[in-house]
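Asker: Chain by chain, the residues run as shown.
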Amino acid sequence: MEEFTRQFERYRHELYRFAVKTVWDRNVAEDAFASAVLAAWENWHKFEQGTNFRAWMYKILINKCFVANRETKRTPLPIDDVPEGAFASLGQDRTYGYILEDSERFMESCGDEVHRAFTKLSTAERSCILLRGGEKLSYNEIAEILGIPAGTVMTHLARGRAKLRTELMTYAQNRGLVRQKPRLLTKPGDPGNREQRLGE
Amino acid sequence: MNSKEDRDQAWMASLDRQFTPAEALEFESRLSPAEQERLSREYRLEELIMERLLDGSECPEALSRRILLQVRNGSSRWTRAKKALPWFAVAAAAVIVVSALPWMPTGFGFREADSTAALPPMAASVAELARESQTPADRAAVERFLQDHGVQLALADFNQLLPDSGHDVTLLGVRKGVSNDGSLLEILFNCCGFPVKLYVAPRDTDGALRIEQAHASGGLQERAIVADYLAAVAGSHPADNLLRVLQPVSEILG
Numbered sequence: 001m002e003e004f005t006r007q008f009e010r011y012r013h014e015l016y017r018f019a020v021k022t023v024w025d026r027n028v029a030e031d032a033f034a035s036a037v038l039a040a041w042e043n044w045h046k047f048e049q050g051t052n053f054r055a056w057m058y059k060i061l062i063n064k065c066f067v068a069n070r071e072t073k074r075t076p077l078p079i080d081d082v083p084e085g086a087f088a089s090l091g092q093d094r095t096y097g098y099i100l101e102d103s104e105r106f107m108e109s110c111g112d113e114v115h116r117a118f119t120k121l122s123t124a125e126r127s128c129i130l131l132r133g134g135e136k137l138s139y140n141e142i143a144e145i146l147g148i149p150a151g152t153v154m155t156h157l158a159r160g161r162a163k164l165r166t167e168l169m170t171y172a173q174n175r176g177l178v179r180q181k182p183r184l185l186t187k188p189g190d191p192g193n194r195e196q197r198l199g200e
Numbered sequence: 001m002n003s004k005e006d007r008d009q010a011w012m013a014s015l016d017r018q019f020t021p022a023e024a025l026e027f028e029s030r031l032s033p034a035e036q037e038r039l040s041r042e043y044r045l046e047e048l049i050m051e052r053l054l055d056g057s058e059c060p061e062a063l064s065r066r067i068l069l070q071v072r073n074g075s076s077r078w079t080r081a082k083k084a085l086p087w088f089a090v091a092a093a094a095v096i097v098v099s100a101l102p103w104m105p106t107g108f109g110f111r112e113a114d115s116t117a118a119l120p121p122m123a124a125s126v127a128e129l130a131r132e133s134q135t136p137a138d139r140a141a142v143e144r145f146l147q148d149h150g151v152q153l154a155l156a157d158f159n160q161l162l163p164d165s166g167h168d169v170t171l172l173g174v175r176k177g178v179s180n181d182g183s184l185l186e187i188l189f190n191c192c193g194f195p196v197k198l199y200v201a202p203r204d205t206d207g208a209l210r211i212e213q214a215h216a217s218g219g220l221q222e223r224a225i226v227a228d229y230l231a232a233v234a235g236s237h238p239a240d241n242l243l244r245v246l247q248p249v250s251e252i253l254g
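Protein sequences appear in the order of chains A and B.
Under the numbering used here, the first sequence has 100 at position 100, and the numbering climbs by one with no breaks.
Under the numbering used here, the second sequence has 116 at position 116, and the numbering climbs by one with no breaks.
Any given hint could be a false lead.
[To be verified] Taking beta-carbon pairs under 7 Å as the criterion, some of the chain A residues facing chain B (in silico):
1. His13
2. Glu30
3. Ala34
4. Ser35
5. Trp41
6. Ala150
Think of the hints as simulated: they come from the structure by calculation, not from any bench.
This structure is a prediction, so every number in the text was calculated from the model and none was measured.
Ideal Cβ placement from N, Cα and C applies to all residues, glycine included.
Sequences and hints are given; from them, build the entire structure.
Answerer: What follows is the structure, given as structure tokens:
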């Protein structure tokens, strides 16, 4: 019991954070989180001491989160299917370039838009982004937790990021945070091409 | 990095810091200055997005305490259950023997055991309990359901009734419970994140008898007589004073 409590205390914030960001509704997320901890305790005798508690706990929690999303019949909001390679091709997008140039200011302007955009991702995409960006797990660790190949983790990450950035770009354009057509066009790579900054 | 696909994957892996320092150095040495700049800007944007996504989502202390309390309660229940296991086996064997007696050739005149059993187990979570509701989660709908089923009771808003109770109570709905005469109703609540039920049945009915039986076996919290009804609270979370939501409470029986 003491060891279980110690491990729970150590990881509770990140596990909770994962649940509330993966499940659509905070109440349902808290239920899933509590249910996962109780399930972990019930199966504590099966946990091999000295192995990775964090990964073991994530497996249980992710299962609960997927079930919770399925039971509440919530599916990602519609975004046109994002092809593989969409994240890489963002590099050619001028609006995205403007966002990258002054990302601090852009993010300040976004407010809660990041959270809203994040809800449009699938559960798998959100899981991969949170485990990688939030908890700094490696592709292999994420693959082990989710029970999928590392290549699929990369695909989820790339698609999730592409969706997220596309949503933010659309928001930026609609709110006039970036201009869609630059006033001054110069050849690529020329510093003068940074004319269209955020909030100009 | 021969194909565009390889290059894209390497870009992703670099952004995700999956390279060893040597690999990262080699990858970055192949990038043009503009690409290197873009990569560093991508790092920054990714950091900012994650910071924004993760802010303000620490596990609340109260939730943490409640979960650990449930773990401890579960633990002590399990310990008690393990101690009681031999006795349970003996009792189970006795029940089998007694149940079989009426079918024995000689017969002893025993009649079949009454089918009234204890109340059904509580839902494991608030979400599960909410799904059991037969009405929307609003007071008017629940009161209408009660009246449609012959229960003339109104509901008070618990959070207004006892603002300093330390409990956060939300109404989830109401449903018909299991009883032989259909007299048992279950009002469903979320109390501090835990599923809690309020059983209500007219006195001298099968529903009321079931409440009494469940109370006698220690399966309920407090119970009370409310006008012509017997009511009781069920759930692992101690929902103190929840009975007061049914007014007027004329007598608390404990």
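Asker: So, for every hint listed, does it hold in this structure?
Answerer: Here's how the hints hold up against the structure:
| no. | hint | in the structure |
| --- | --- | --- |
| 1 | His13 | holds, 5 Å |
| 2 | Glu30 | holds, 6 Å |
| 3 | Ala34 | holds, 5 Å |
| 4 | Ser35 | holds, 6 Å |
| 5 | Trp41 | holds, 5 Å |
| 6 | Ala150 | violated, 9 Å |
Going down the numbered hints, you'll see the structure goes against just number 6.
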